[in-house]
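Sequences and hints are given; from them, build the entire structure.
Spelled out from the first residue to the last, the chains are:
Protein chains: 2
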Amino acid sequence: MDDFARTERNKVKRLPQRAQYDKETIYRIVDEAPISHVGFTQEDQPVVIPMLHARIGDTLYFHGAHASRLLKLIGAGHPMSVAFTLLDGLVLARSVFHHSVNYRSAVVFGTGQLVESDEEKLIALEALTEHIAPGRWADARQPNRKELDATFVIALRIESASAKIRTGPPADDEADYALPIWAGVVPLHLQASSPIDDPKLSSGIDVPSYISNYTNTGREPNP
Amino acid sequence: MDDFARTERNKVKRLPQRAQYDKETIYRIVDEAPISHVGFTQEDQPVVIPMLHARIGDTLYFHGAHASRLLKLIGAGHPMSVAFTLLDGLVLARSVFHHSVNYRSAVVFGTGQLVESDEEKLIALEALTEHIAPGRWADARQPNRKELDATFVIALRIESASAKIRTGPPADDEADYALPIWAGVVPLHLQASSPIDDPKLSSGIDVPSYISNYTNTGREPNP
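Going line by line, the protein sequences match chains A and B. Heads up: the first sequence is residues 1 to 223, going by my numbering. Heads up: the second sequence is residues 1 to 223, going by my numbering.
Hints were generated in silico from the structure; no laboratory data involved. There may be inaccurate statements among the hints.
Sample of chain A residues at the chain B side, in silico, Cβ under 10 angstroms [claimed, not checked]:
#1 Q42
#2 F109
#3 Q142
#4 I181
#5 I211
Result set (EDC-like, lysine to aspartate or glutamate): computed pairs, CA atoms no more than 16 angstroms apart in a straight line [as the list claims (entries may be wrong)]:
#6 B:K200 - A:D176
#7 A:K72 - A:E116
#8 B:K72 - B:E43
#9 B:K200 - A:D172
#10 A:K11 - A:D22
#11 A:K23 - A:D2
#12 B:K72 - B:E116
#13 B:K146 - A:D172
#14 A:K11 - A:D172
#15 A:K200 - B:E174
#16 A:K23 - A:D3
#17 A:K146 - A:D118
#18 A:K200 - B:D176
#19 A:K72 - A:D31
#20 B:K146 - B:D118
#21 B:K146 - A:D173
#22 A:K146 - B:D173
#23 A:K146 - B:D172
#24 A:K146 - A:E116
#25 B:K11 - B:D22
#26 B:K146 - A:D176
#27 A:K23 - A:D58
#28 B:K121 - B:E159
#29 A:K200 - B:D173
#30 B:K200 - A:E174
#31 A:K121 - A:D149
#32 A:K146 - B:D176
#33 A:K23 - A:D176
#34 B:K200 - A:D173
#35 A:K200 - B:D172
#36 B:K11 - B:E159
#37 B:K146 - B:E116
#38 B:K23 - B:D2
#39 B:K23 - B:D3
Heads up, the beta-carbon is just placed ideally off N, CA and C, and yes, glycines get one too.
Structure, rendered in structure tokens:
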């Protein structure tokens, strides 16, 4: 996959050595992130809201069951920014100054459009459902006419993007390595624990294997 | 603690039954969230960036080692929005339509100001270090004059905020409960694993107890 052009909009100015612009790296982060943070401007006020997302090619999809403030605004073609962040660890340096976190983050820019056709809506809803738990779409009851009409889907064509990644141990000033202070990394990851049956679950229905095997790590990027 | 006034800016319009406006609920989410997503507008372009944060009373602090685009802009008193999101589980309903996630999220509005005094900078840096790992400030090497001068700290006075929370099992349409489809919740949480020593760590330095006991859950809100 190719790179995004470096422009004023997506160029990483702070710690540029951590920046990456290739689609493969960026999309891997987008696909692994369970949720995203969508930013838009409403009457000069920036607003950030967490959203579920899915990616197909260079398009991001978002949805809502009603025409929310956000969906109306971003569906009208206003500029948006979407951040995807995977927190991988706490980085504890000897000096306060060099404390940090290990992370993989991507920031995407584009404009949103309301999806009108049933065909694209269904493709998007399948991707959104599969993003929650791969394997789920085929198992769950598909949307009916009424639900499809009540669901608003927004497509955001990714125009520009960048990734920023920090990995590895702390980087202290040379003189500080002799200090008697522990330094290192505390790894973090999003952990799934045992599925909890719906209290109203009919008897005799087992947890499906795609759920019992669910982990948030190691997801493959979409095509 | 009291409530934030409900205004056009912070009123939750989508699923308002999930909204909360009391400071205690909102600040508990802010304090537990390891990172935040900061939104601002730069030349009509919304931008969202992940940041480390800390809260003291009604003030949020952010910092950077250099005068980044973000810090310059938010330090100049422009409006900002900051989102804090804790993902607690995947909610798998029988119907695609009722799929969801369990979460606790807070969205905060305010304007940023550059912190000028050494005294407030140090208070903020202590809070930011303690937010990464409680107990760390007293153990690490404190900032020296050069580091303090090179560190930009932004204070954001919280003017308005709201929280949105979803908990519990899926809510399916009555007719769907009879379907032979598994439904329930997959709990998620941010898990710390065993600390990794810095490869350059001097011998004989053990992992401190505040690190080996580190978990991201159950943090107490700040005063």
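Check: Broken hints, numbered, in rising order?
Finding: Hints 14, 19, 28 and 33 are the ones this structure does not satisfy, whereas the remaining hints hold.
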